[in-house]
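Build out the structure end to end from the sequences listed, making use of the hints.
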Amino acid sequence: GAGVSQSPSNKVTEKGKDVELRCDPISGHTALYWYRQRLGQGLEFLIYFQGNSAPDKSGLPSDRFSAERTGESVSTLTIQRTQQEDSAVYLCASSDFQQPQHFGDGTRLSIL
Amino acid sequence: AQSVTQLGSHVSVSEGALVLLRCNYSSSVPPYLFWYVQYPNQGLQLLLKYTTGATLVKGINGFEAEFKKSETSFHLTKPSAHMSDAAEYFCAVKTGGSNYKLTFGKGTLLTVNP
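Residue numbers (this note's numbering), protein chains in the order written: chain A, 165 to 276; chain B, 1000 to 1113.
Quick caveat, the hints were computed from the structure, so don't treat them as lab data. Any given hint could be a false lead.
Capping the alpha-carbon separation at 27 Å, the derived lysine-lysine pairs in DSSO-like fashion look like this [stated by the list, open to error]:
no.	chain 1	residue 1	chain 2	residue 2
1	A	K221	B	K1048
2	B	K1048	B	K1067
3	A	K221	B	K1100
4	A	K181	A	K221
5	B	K1100	B	K1068
6	A	K175	B	K1105
7	B	K1068	B	K1048
8	B	K1048	B	K1100
9	B	K1105	B	K1048
10	B	K1105	A	K221
11	B	K1067	B	K1100
12	A	K179	A	K221
Being a predicted model, the structure only gives us computed values, none of them experimental.
What follows is the structure in structure tokens.
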């Protein structure tokens, strides 16, 4: 497809487990973003990748959160030792440099 | 620091009625402003954006928004609501000092009654 693809669409896991969320951006987009959307809230910026530059990790809420990106393609967001407050929808977006962001449908994460 | 306030977490209108979703922002620099729409279980889709130039911006699906600097507002309107407009709407401002970060409002859920 031509859009941003995220997997899995839903993830249920037990507290304390690690989870890995995947994002496939639109081909050719150099910028990639991760956001967290808690119930009834707006989007919280987590991390930004732009080409080969060092990522902006300023939004990551704790050291349990990390993200990687391979070149200008796939990105993974990893949450270690999940807590119940990590339950949220995690959205990925991509864009050309300084252009509007295109969003995926998100991964709905539920921590039991 | 930038912030966005969306007045009304839930707006309900009748089909065919005017839609008005309010957004006020604060920004230390000339703002870039955006409206996004989110349908259930989907990501956000860009409706329209204001960067520079004409203050009345037209977007997709018949929506438009007007940037009013004196009121620090960027309200979203549509003359006649359609059932398919039912969704959540987010206003966002590009974060000052950054060429990519967006600060989002908490969203307004629009319901359209037949």
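Verification of the supplied hints:
At most 27 Å may separate the alpha-carbon atoms for a hinted pair to count; A:K221 and B:K1048 meet this at roughly 26 Å. Among the hinted pairs, B:K1048 with B:K1067 is consistent with the structure: their alpha-carbon atoms are about 14 Å apart, no more than 27 Å. Distance check on the hinted pair: A:K221 and B:K1100 sit about 12 Å apart at the alpha-carbon level, within 27 Å; holds. Our distance criterion of 27 Å between C-alpha atoms is met by A:K181 and A:K221, whose separation comes to about 22 Å.
Proposed proximity of B:K1100 and B:K1068 is supported: the alpha carbons are some 21 Å apart, at most 27 Å. Simply put, A:K175 and B:K1105 have alpha-carbon atoms about 24 Å apart, close enough for the 27 Å limit, and the pair holds. With a C-alpha separation of about 15 Å, the suggested pair B:K1068 and B:K1048 falls inside the 27 Å cut-off, and the hint holds. For a cut-off of 27 Å, the pair hint linking B:K1048 to B:K1100 stands: about 15 Å separates their Cα positions.
At roughly 18 Å between alpha-carbon atoms, B:K1105 and B:K1048 fall within 27 Å of each other, so this suggested pair holds. Between B:K1105 and A:K221 the alpha-carbon distance is near 22 Å, which keeps this suggested pair within the 27 Å criterion. Annotation: proposed proximity of B:K1067 to B:K1100 holds, straight-line Cα distance about 22 Å (limit 27 Å). With a C-alpha separation of about 24 Å, the suggested pairing of A:K179 with A:K221 holds against the 27 Å cut-off.
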